[in-house]
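> Chains A and B are the protein sequences, given in the same order.
My numbering puts the first residue of the first sequence at 1, with every later residue one more than the last.
My numbering puts the first residue of the second sequence at 114, with every later residue one more than the last.
In case anyone wonders, no lab produced these hints; they're calculated from the structure.
Glycine included, C-beta positions come from ideal geometry on N, C-alpha and C.
Just to be clear, a hint being listed does not mean it is correct.
Okay, derived cross-link-like pairs now, DSSO-like style, lysine-lysine, Cα gap no bigger than 27 Å in a straight line [said to hold, decoys possible]:
1. A:41 - A:22
2. A:40 - B:218
3. B:186 - A:40
4. B:209 - B:191
5. A:22 - A:40
6. A:36 - A:18
7. A:41 - A:19
8. B:168 - A:40
9. A:41 - B:218
10. A:36 - B:168
Pair by pair, the computed Cβ-Cβ distance ranges are [as the list claims (entries may be wrong)]:
11. B:223 - A:12: 25 to 31 Å
12. A:65 - B:216: 17 to 23 Å
13. A:109 - B:197: 22 to 28 Å
14. B:154 - A:16: 28 to 34 Å
15. B:231 - A:61: 43 to 49 Å
16. A:39 - B:115: 21 to 27 Å
17. A:77 - B:194: 42 to 48 Å
18. B:116 - A:79: 32 to 38 Å
Simulated coverage check for chain B against chain A, where a stretch passes if three residues somewhere in it have a Cβ under 8 Å from a Cβ of chain A [to be verified]:
19. 156-165
20. 195-205
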Amino acid sequence: ETGVTQTPRHLVMGMTNKKSLKCEQHLGHNAMYWYKQSAKKPLELMFVYSLEERVENNSVPSRFSPECPNSSHLFLHLHTLQPEDSALYLCASSQVGWGAAQYFGPGTRLTVL
Amino acid sequence: AQTVTQSQPEMSVQEAETVTLSCTYDTSENNYYLFWYKQPPSRQMILVIRQEAYKQQNATENRFSVNFQKAAKSFSLKISDSQLGDTAMYFCAFMKPRYGGATNKLIFGTGTLLAVQP
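Model the full structure from these sequences, guided by the hints.
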């Protein structure tokens with residue numbers, strides 16, 4: 001595997017379910033990001049992990065819970081989501097240096113029924 | 114607050130022709146980074162080009178080049194010899210300076226959907 005991978009690619013869940021999104025980067029980076037992409041809206045940064053420490057949480061509801069066990073893996077745990085949470089969730093990674101480009105995974109298309 | 118504006122929601126170009134996508138941004142910072150990303154129908158966001166504001170020379174990557182006008186706060190993307198595989202949504206993004214341990218934060222525009230016609 002190369003680059004940034006995400007699983008699953010598609011997920012349909014009910015409002016009472018618990019599921020997790022997984023992201024893995026094979027680029028030797030040490031910062032990882034979760035973004036939400038909704039139709040007709042700019043990408044929204046959700047969480048940032050730098051050197052495995054969460055350094056940013058952009059007022060994301062607690063029903064989204066990130067986890068970064070090491071610099072190569074990032075999870076987004078989901079529980080009791082709302083239909084408005086349906087979106088494309090993108091993971092990205094980069095070096096921690098300022099100006100470093102972020103490299104994205106293919107995304108998980110989430111549908112909440 | 115920094116903002117990024119892409120005023121062209123959709124554009125179309127014939128194969129082999131040249132097209133320019135516009136992007137303007139608003140900031141009071143003197144140094145920063147600018148990026149163009151493309152997102153084809155497969156949804157994977159792909160880095161196209163990166164520009165540091167401190168450098169006046171326009172960045173180039175093969176058929177992709179930028180026209181960076183710092184005073185006008187303009188950062189347009191030119192695609193030469195357009196190919197069918199260039200069909201995608203193109204996003205302009207701004208990265209502001211970091212202070213005191215802040216993280217790299219990208220601020221994205223709303224995108225321009227480019228269709229390359231055969």
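> If a hint holds in the structure, say so; if it does not, say that too.
Evaluation of the provided hints:
About 23 Å separates the Cα atoms of residue 41 of chain A and residue 22 of chain A, which keeps this hinted pair within 27 Å; it holds. Proposed proximity of residue 40 of chain A and residue 218 of chain B is supported: the alpha carbons are some 20 Å apart, at most 27 Å. Straight-line distance between C-alpha atoms of residue 186 of chain B and residue 40 of chain A comes to about 24 Å, which keeps the hinted pair within the 27 Å bound. Using a Cα cut-off of 27 Å, the hinted pair residue 209 of chain B and residue 191 of chain B holds, with the two alpha carbons roughly 23 Å apart.
Among the hinted pairs, residue 22 of chain A with residue 40 of chain A is consistent with the structure: their alpha-carbon atoms are about 25 Å apart, no more than 27 Å. A C-alpha spacing of about 18 Å is found between residue 36 of chain A and residue 18 of chain A, which places the hinted pair at or below 27 Å, so the restraint holds. The hinted pair formed by residue 41 of chain A and residue 19 of chain A meets the criterion: a straight-line CA distance of about 25 Å does not exceed 27 Å. This hinted pair does not check out: residue 168 of chain B and residue 40 of chain A have alpha carbons roughly 32 Å apart, beyond 27 Å.
This hinted pair checks out: residue 41 of chain A and residue 218 of chain B have alpha carbons roughly 17 Å apart, not beyond 27 Å. Under the criterion of a C-alpha separation no larger than 27 Å, the hint pairing residue 36 of chain A with residue 168 of chain B is inconsistent with the structure, at around 31 Å. For residue 223 of chain B and residue 12 of chain A, the Cβ-Cβ distance of about 27 Å falls inside the hinted range of 25 to 31 Å, so the restraint holds. For the pair residue 65 of chain A and residue 216 of chain B, the beta carbons lie near 19 Å from each other, so the given range of 17 to 23 Å is met.
Evaluation of the 22 to 28 Å hint for residue 109 of chain A and residue 197 of chain B yields a pass: the beta carbon distance comes to about 24 Å. Between residue 154 of chain B and residue 16 of chain A, the C-beta spacing of about 32 Å keeps the proposed range 28 to 34 Å intact. Between residue 231 of chain B and residue 61 of chain A the beta carbon distance is about 45 Å. The supplied range of 43 to 49 Å therefore holds. Distance hint check: the CB atoms of residue 39 of chain A and residue 115 of chain B are about 23 Å apart, consistent with the given range 21 to 27 Å.
Taken as a hint, the range 42 to 48 Å holds for the pair residue 77 of chain A and residue 194 of chain B, whose Cβ atoms sit roughly 45 Å apart. Between residue 116 of chain B and residue 79 of chain A the beta carbons are some 33 Å apart, a value that agrees with the proposed interval 32 to 38 Å. Coverage of the region 156-165 of chain B by chain A holds [criterion: at least 3 residues with CB-CB distance below 8 Å; count 7]. Three residues within the 8 Å Cβ limit are the bar, and the region 195-205 of chain B against chain A gives 1, so the coverage statement is violated.
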